[in-house]
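Number of protein chains: 4
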Amino acid sequence: MTNSHDIEVYVRFCETDAIGHVNNTSHFLYFEEARTKFFRMIHPNRQSSSSFILASIKCDYIEQAYAGQVLKVSTNVLYIGTKSFTIRHRLIASDSNKIIAEAEAVTVCFDFKNQKTIPLNRELRESLEEYMV
Amino acid sequence: MTNSHDIEVYVRFCETDAIGHVNNTSHFLYFEEARTKFFRMIHPNRQSSSSFILASIKCDYIEQAYAGQVLKVSTNVLYIGTKSFTIRHRLIASDSNKIIAEAEAVTVCFDFKNQKTIPLNRELRESLEEYMV
Amino acid sequence: MTNSHDIEVYVRFCETDAIGHVNNTSHFLYFEEARTKFFRMIHPNRQSSSSFILASIKCDYIEQAYAGQVLKVSTNVLYIGTKSFTIRHRLIASDSNKIIAEAEAVTVCFDFKNQKTIPLNRELRESLEEYMV
Amino acid sequence: MTNSHDIEVYVRFCETDAIGHVNNTSHFLYFEEARTKFFRMIHPNRQSSSSFILASIKCDYIEQAYAGQVLKVSTNVLYIGTKSFTIRHRLIASDSNKIIAEAEAVTVCFDFKNQKTIPLNRELRESLEEYMV
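Chains as they are written, first to last, in the working numbering: chain A, 163 to 295; chain B, 163 to 295; chain C, 163 to 295; chain D, 163 to 295.
Treat the hints as calculated values from the structure; they're not laboratory data. Some hints could be false.
Chain copies aren't distinguished; within one or between two, either way the pair holds.
[What the hints assert, rightly or not] Simulated crosslink set (SDA-like; lysine to any residue; CA at most 20 Å straight-line):
hint	residue 1	residue 2
1	199	282
2	278	243
3	234	275
4	199	279
5	220	261
6	278	172
7	199	256
8	278	242
9	275	182
10	199	213
11	220	204
12	278	195
13	278	183
14	220	241
15	220	195
16	245	271
Just so it is clear, the structure is predicted and the values come from calculations on it, not from any experiment.
Build the full structure now, drawing on both the sequences and the hints.
Below, the structure written as structure tokens:
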């Protein structure tokens, strides 16, 4: 059985647009909140000198969402490489369970001190594996 | 020779984050501004009943950007389908010409009145072709 | 004893800026969330034709806040007029109880159908009175 | 005759909300852009150790604004104190010259190195005086 890391977000009125639904740029706010909470959980002792860099993110928009809704952001790991890994965020309406959007984010391990990419260490790899789809 | 649709944006201080650079969510603000201006230009008589829906967007982060910078968003068309088309946004530092990020956005033609996807008409297709890479 | 309407918000990384703290524009996101939830509670049957308009808002910045913090937004009523009322939001660090910021928002009752300000009805006035400081 | 410091901003679609107009939180994005550009102009040699802190900001909402509009933000100085000064931002529709909103921002001079407020120096005072209403 697969673990997922789930959080809930509330759709703010300012996150909608004049069409009446959640604006396409707001989804990334929810994904970032999910990602930072997921990273804090799997890598609590992260040092400031080594960290994660977002290399790319793709969002597929599936259903509309609206102000006042509570959405679940469900995070899993899709792929673990040598120096990077790919996570998936599913944005889901908490009441209907409909999928609103789905994102894939490629994350790279980076040593800020020496300004270069670094391999995932074993501890991180094992934590990520628990969330593999 | 290829046309591109170019705009300039100013990086606001509130668009940066505590790492000191432009936050990953802010790039989508710039892409949306470029896209709406591009659509207004190629399709000035767009009726409210038929419109464009963003189906997906992917951003590759290449270089960091900073508060106070002026960035160019250069928009082109990558692909024209029957009911959808794909555009590319390049985010470029206006002074150094370095590419900061690159995005691909799949856009679908939609009839809001009848709530269904519709084919691109010839006029729109011809406008898009001028911006094909 | 005074009632207050309290919610909690999580400070997103994208709500900080390059100085390292929560950007001055982000406080208004938290106040809007608190205000819409407060209005939904005190006026659940609000019709779309009559609504509340924000006439002005003032924020005093007292302490800095940081990414990952949980903040309480505590809402009260300061003043009830004929056609408007003033609410106060206190933004408070949930762990230390330090006040981060304090805002006053003047809200006007508005009839969108007839495009004019309207008096507060008795039911609304009584609901607001319960939250008077 | 009074100088004012004027910039133009373009209203992004994502800055509107489901009511159809510019969301109340977006005005502060425009004011921040105007303020940082104003500060850069009057105080180009600002050292990182001494800087300006926003103590409070108040916005009066006067007219609605809409996606795609170009707005002028006109900045002046209302008051110069010993360690702080107050600036006024007027948000004006560029086509009709209607005032959309008006803000007052109290700014404090701060020495980050020694973590205390500091008096305005003469050079800054003289620059500010040129923009007094």
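Evaluation of the provided hints:
When the C-alpha separation of residue 199 and residue 282 is checked against a cutoff of 20 Å, the pair qualifies only within one copy, where the shortest distance is 19 Å, while the shortest distance between copies is 42 Å. For the homomeric pair residue 278 and residue 243, the shortest alpha-carbon distance inside one copy (16 Å) is at most 20 Å, but the shortest distance between copies (40 Å) is not. Taking the closest pair of Cα atoms, residue 234 and residue 275 never come within 20 Å of each other, the shortest separation being 35 Å inside a single copy and 30 Å across copies. Neither within a single protomer nor between protomers do residue 199 and residue 279 lie at most 20 Å apart by alpha-carbon distance, with minima of 22 Å and 36 Å respectively.
Taking the shortest alpha-carbon separations for residue 220 and residue 261, both the intra-copy value of 16 Å and the inter-copy value of 19 Å come in at or below 20 Å. In the homo-oligomer, the alpha carbons of residue 278 and residue 172 never lie at most 20 Å apart, since the shortest distance is 37 Å inside one protomer and 29 Å across protomers. Both within a single protomer and between protomers do residue 199 and residue 256 lie at most 20 Å apart by alpha-carbon distance, with minima of 19 Å and 18 Å respectively. Taking identical chains as interchangeable, the C-alpha atoms of residue 278 and residue 242 lie at most 20 Å apart only when both belong to the same chain, with a minimum of 19 Å there against 38 Å between chains.
Taking the closest pair of Cα atoms, residue 275 and residue 182 come within 20 Å of each other only across two copies (15 Å); inside a single copy the shortest separation is 45 Å, beyond that limit. For a Cα distance limit of 20 Å, the shortest separation of residue 199 from residue 213 inside one copy, 14 Å, qualifies, whereas the shortest one across copies, 33 Å, does not. Taking the shortest Cα distances, residue 220 and residue 204 never come within 20 Å of each other, neither inside one copy (22 Å) nor across copies (25 Å). When the C-alpha separation of residue 278 and residue 195 is checked against a cutoff of 20 Å, the pair qualifies neither within a copy, at 25 Å, nor between copies, at 33 Å.
Taking the shortest Cα distances, residue 278 and residue 183 sit within 20 Å of each other only across copies (17 Å), while inside one copy they are farther apart (40 Å). Taking identical chains as interchangeable, the C-alpha atoms of residue 220 and residue 241 lie at most 20 Å apart whether they share a chain (15 Å) or sit on different chains (18 Å). In this assembly of identical chains, residue 220 and residue 195 lie within 20 Å of each other by CA distance both inside one copy and across copies; the values are 16 Å within and 18 Å between. Only within a single protomer do residue 245 and residue 271 lie at most 20 Å apart by alpha-carbon distance; the minimum there is 6 Å, versus 39 Å between protomers.
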